[in-house]
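Starting from the two chains in their separate frames, assemble the complex, guided by the hints.
Just so you know, the sequences run in chain order V and H.
Take 1 as the starting number for the first sequence in the working numbering and just add one per residue.
Take 330 as the starting number for the second sequence in the working numbering and just add one per residue.
Quick caveat, the hints were computed from the structure, so don't treat them as lab data.
Owing to the predicted nature of the structure, the values given are computational and were not obtained by experimental measurement.
Incorrect hints may have been included.
[Said to hold, decoys possible] Label pairs and their computed distance ranges (CB to CB):
hint : chain 1 : residue 1 : chain 2 : residue 2 : range
1    : V       : A307      : H       : G482      : 31 to 37 Å
2    : H       : T333      : V       : D124      : 32 to 38 Å
3    : V       : G21       : H       : Q428      : 50 to 56 Å
4    : V       : E277      : H       : A383      : 47 to 53 Å
5    : H       : D423      : V       : R304      : 46 to 52 Å
6    : H       : T333      : V       : G135      : 41 to 47 Å
Glycine residues also receive a C-beta, built at the ideal position from the N, C-alpha and C atoms.
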Amino acid sequence: MIPFVYSRPGDAAEAVEAVAGDPGATFLAGGTNLVDHMKLGIASPTALVDVREVVDDAVEELPGGGVRIGAGTTNSELAAHPLVRRRYPLLSSALLAGASGQLRNMATTGGNLLQRTRCVYFQDVTTPCNKREPGSGCSALEGHGRDNAVLGASERCVATHPSDMAVAMLALDAEVRVLGPSGERRVPLADFHRLPGAEPERDTVLEHGELITAVDLPAPQEGARSTYRKVRERASYAFALVSVAALVSVRGGQIADTRIAFGGVAHAPWRARRAEEVLRGRPVTETAFRVAAEAEFAEARTGRDNAFKVPLAINTCAAVLRSLTEVNG
Amino acid sequence: MDTTITLKVDGERHELTVDTRTTLLDALRDGLGVYSPKKGCDHGQCGACTVLLAGRRVLACLALAVAHDGAEVTTAAGLGRGDELHPVARAFLDHDGFQCGYCTPGQICSAVGMLAEAEREWPSHVTEDLEAPVEMDEAEIRERMSGNICRCGAYPGIVGAIGEVLR
Chain V
1 MIPFVYSRPG DAAEAVEAVA GDPGATFLAG GTNLVDHMKL GIASPTALVD VREVVDDAVE
61 ELPGGGVRIG AGTTNSELAA HPLVRRRYPL LSSALLAGAS GQLRNMATTG GNLLQRTRCV
121 YFQDVTTPCN KREPGSGCSA LEGHGRDNAV LGASERCVAT HPSDMAVAML ALDAEVRVLG
181 PSGERRVPLA DFHRLPGAEP ERDTVLEHGE LITAVDLPAP QEGARSTYRK VRERASYAFA
241 LVSVAALVSV RGGQIADTRI AFGGVAHAPW RARRAEEVLR GRPVTETAFR VAAEAEFAEA
301 RTGRDNAFKV PLAINTCAAV LRSLTEVNG
Chain H
330 MDTTITLKVD GERHELTVDT RTTLLDALRD GLGVYSPKKG CDHGQCGACT VLLAGRRVLA
390 CLALAVAHDG AEVTTAAGLG RGDELHPVAR AFLDHDGFQC GYCTPGQICS AVGMLAEAER
450 EWPSHVTEDL EAPVEMDEAE IRERMSGNIC RCGAYPGIVG AIGEVLR
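Isolated chain H, as found in the complex (with noise of 0.2 Å):
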C-alpha cells in the first residue's frame, strides 16, 4: 500500500512513494540512493544501519519509513562539511576503526549519538554512581558502543578513534 511521505536526509528535503512495509532504511537506499547506512543483519542485532533521528541514534532497519513522514535523518555521509570530515570520522581514520568498512558508518553514527548521550549525563550500564557526572574512560566507551558489531574486530581502533574524540 503505497504512501507518499517527506524525509530530510543529509540536510536535502525529498519526497517519496513508499509501500507501508518499507523499513526507513530501504527507503534510504533503494529509494533515495543514500548508501551510507548499511544492511548488516537488517533484523536489529548488528547496528550497521543506525543513522540519527533528529540528533538520536537509532537502527534504520526497525523503524518504519511510513511512521517516520517528515524526520530528518543525519547518516555518516552527511555529518561533514563539505570536504572537511566530522571530528569522529577523522579519528576512525586517524586510529585504522575499520578494516573492511562495512560497519563504519553505522559505528561513526552510534559513536556521534552515543557522544552527545554522554553530553547529556546520562548513565549507562558501567556508570557506578547513577547521580555523579558521567566519566567516560575505556569501559564506558565498550558498553555504550555495544550494539555495534564489527567482523573484522576494529574495536581497539573505534574505542581509540572515540577516545581521542573524548580529549
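Bound conformation, chain V alone (with noise of 0.2 Å):
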C-alpha cells in the first residue's frame, strides 16, 4: 500500500471539493472494498477523504410514499429497517443474501452501488486486466470464466457486477442523488453502472468527486409481490451465480404489471425489460414465465465455462415469477 493522507471533511461539499480537485484522491466510507483493494494494490489513492460522518444515515419517508436512504446507511440498519421490511422486502431479503454479519455492519449504501468486480483477474494484479489496467488485456476470456458475464459483456471485459443490494433497487426503479462540484444531480438506478464497452475501467457514469447522497425508492406498487432469490455455490456468505429481483401484480388471471432484474449475469445488474415486456397482459401460466425468461436472454453470448448461467437464470426466473403468482402461496 502506498501512503496516503487521510482527511475527515466538515460537510458533504467540502469532501466533494477535496477529491473533485485531487486527481489521486477517493472517498473511504465503510472500507470493506477499498481497504482490500488497497491492500490488493489494485487501488492506489494518495489521499483518502473520510465520508463517514458528512452523508446521512438515516431512511426517511418521502412526500407519496417513498423512502430516501442517506448514503451512509449500513447494509445491516437497511435491511433491518420497519420501513424496509414492510414496504420493499425484497431490498431486505437482498442485502441479507449478500456478506457477512460483520461486513454488513461496515458496509454503506453508496459503497455497495461502487463495489467492484469480483473477477479472479481484476483482482490478481499479476494478470492483465482491462478494468484494472486499460489495455492490458483481458484474462478471463480465456481463463477461469465461470464467472462471467453472459449479457451485454464486450471483447475488453466479461466481469460481472457483484451487489444483491443493487439488483433489488434496480427492480424498485430506485433513483441515485449525487453531489458535485457543480451542484446535486439524479441519476436513475438503471442509468447508473455502466456496461464495459471499449471502456471497462469505468463501472458507472459517476465522474471524479463526484459524492452518492443518497438513493431514493419510489412508493411501493399496491397490491404487488415481490420476492429476491439468490443462487450460489455455498449456502451463505458466497457472490451469486445468479439472482432474480422480482415484482409481480396480478388481476383476473394476468399480469398487470412486473419489474424483474438479474445479478451475477452482466457487468451492471440487468434489468429485464424486454422479458417484463413479454410477460405484461399475459395469462399468469408456467409457458409465459419460460417465453419471457427465454426472450431476455435470447442474446446471451457464453464461454467454455459459463454457459451454465443461461439456463440458471431462466429457470430460477421462472422459479420466481410462479412463488409470486401461486394463488395461496
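Below you can see the structure in the form of C-alpha cells.
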C-alpha cells in the first residue's frame, strides 16, 4: 500500500471539493472493498476523504410514499429498518443474502453501489485486466470463466457486478442522488452502472469527485408481490452465480405489471425489460414465464465455463415468477 | 504518514501513533500488544479478526485505525469480568466450540454481536417472515455466523454453544 493522506471533511460539499480537486483522492466510507483493494494493489489513492460523518445515515419517508436512504446507512441497518421490511421486503432479502454480519455492519449503501467486480483476474495484479489496467487485455476471456457475464459484455471485459442490493433497487426503480462540484443531480439506478464497452475501467457514470448522498425509492406498487432469490455455490457468504429480483401484480389471472432484475449475469445489475414486456397483459402460465425469461437471454453469449448461467437464470426467473403468482403461495 | 489517535480497548484508554495505512487489527496487535483478535486472511473473508466496535461486530482487518480515532473496541479478551468468563466464552468451553483456538476470539466476538442483533429483532437470510419476531433456531445461528470460518470444523460445538446461551 502506498502512503496516503487521510482527512475528515466538515460537510459533503467540502468532501466533494477535496476529491474533485485531487486526481489521486478518493472517498472512504465503510472501506470493506476499498481497503482490501489498497492492500492488493488494485487501488492506490494518495488521499482518502472519509465521508462517513458527512453523508446521511437515516432512512426517511418521502411525501408520496417513497423512502430516502442516506448513502451512509449501513447494509445491516437498512435490511433491518421497519420501513424497508414492510414496504420493500425484497430489498431486505437482497441485503441479507449478501456478505456476512460483520461486513453488513461496515458496508454502506453508497459504497455497495460502487463496489467493484470480484472477477479473479481483476483482483490479481499479476495478470492482465482491462478494468484494472486499461489496454492490458482480458485474462477472463481465455481463463477461468465461470463467473463471466453472459449479457452485455464486450471483448474488453466480461466481468460481472457483485451487488445483491443493487439488483433489488433496480427492480424497485431506485434513483441515485449525487453531489458533484457543480451541484446535485439525480441518476436513475438503471442508468447508473455502465456496460463495459471500450472503457471497462469505468463501472458507473459518476465523474471523479461526485459523491452519492442518497438513494430514493418510489412508493411501493399497490398489490404487487415481490421477492429476491440468489443462487450460489454455498448456502451463505458467497457471491451470486445468478440472482433474480422481481415484483409482480396479477389482476384477473393476467400479469398486470412486473419488474424484474438479474444479478450475476452482466457488468451491471441487469433490468429485464424484454421479459417484462413479454409478460405484461399475459395470462399467468408457466409457458409465459419461460418465454419471457428466454426472450431476455436470447442474445446471451457464453464461453467454455459459464454456459450454465443461461438455463440457471431462466429457470430461476421462472421459479420466482411461479412463486409470486401462486394463488395461495 | 503518522497520526496520533486514541483507542479505548477493553475498557482501557490508549494513545498511539499509527501510519495512516495501519489497519485497526495491526494497531491492536502490533501497536498495543492486544493479541486476542487474530490475523487470518487479512482480506475480510475469514472473520478471525472480528471485534466489537461500539457494540457492533466488525472486521478489524478492513478498518483503518486512523478512521476510528476515539473508538471503543471490545475484543474477546475484554468480554469477561476479571476471572469470570463471558457466558458465550463459557459455553464455547462447555461445548468444545473450538479445536486449535485460532478463530475462537473472532467467533466469540461475532456471537456476542450476533446475539445483540437478534435481540434487536434484526432478521437474517433464513428468517421466513421479515415482520414477525425472530425465532433463533439452529438454521438462524448457522446463517448469522457464516462470516466466521473454522478450519478445524468445530461448527457443531460452536452452534451448540450459542444455542445454549440462547436458552
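Right, here's what the structure says about each hint:
no.: 1; hint: A307(V) to G482(H): 31 to 37 Å; verdict: holds (34 Å)
no.: 2; hint: T333(H) to D124(V): 32 to 38 Å; verdict: holds (36 Å)
no.: 3; hint: G21(V) to Q428(H): 50 to 56 Å; verdict: holds (53 Å)
no.: 4; hint: E277(V) to A383(H): 47 to 53 Å; verdict: holds (48 Å)
no.: 5; hint: D423(H) to R304(V): 46 to 52 Å; verdict: holds (51 Å)
no.: 6; hint: T333(H) to G135(V): 41 to 47 Å; verdict: holds (42 Å)
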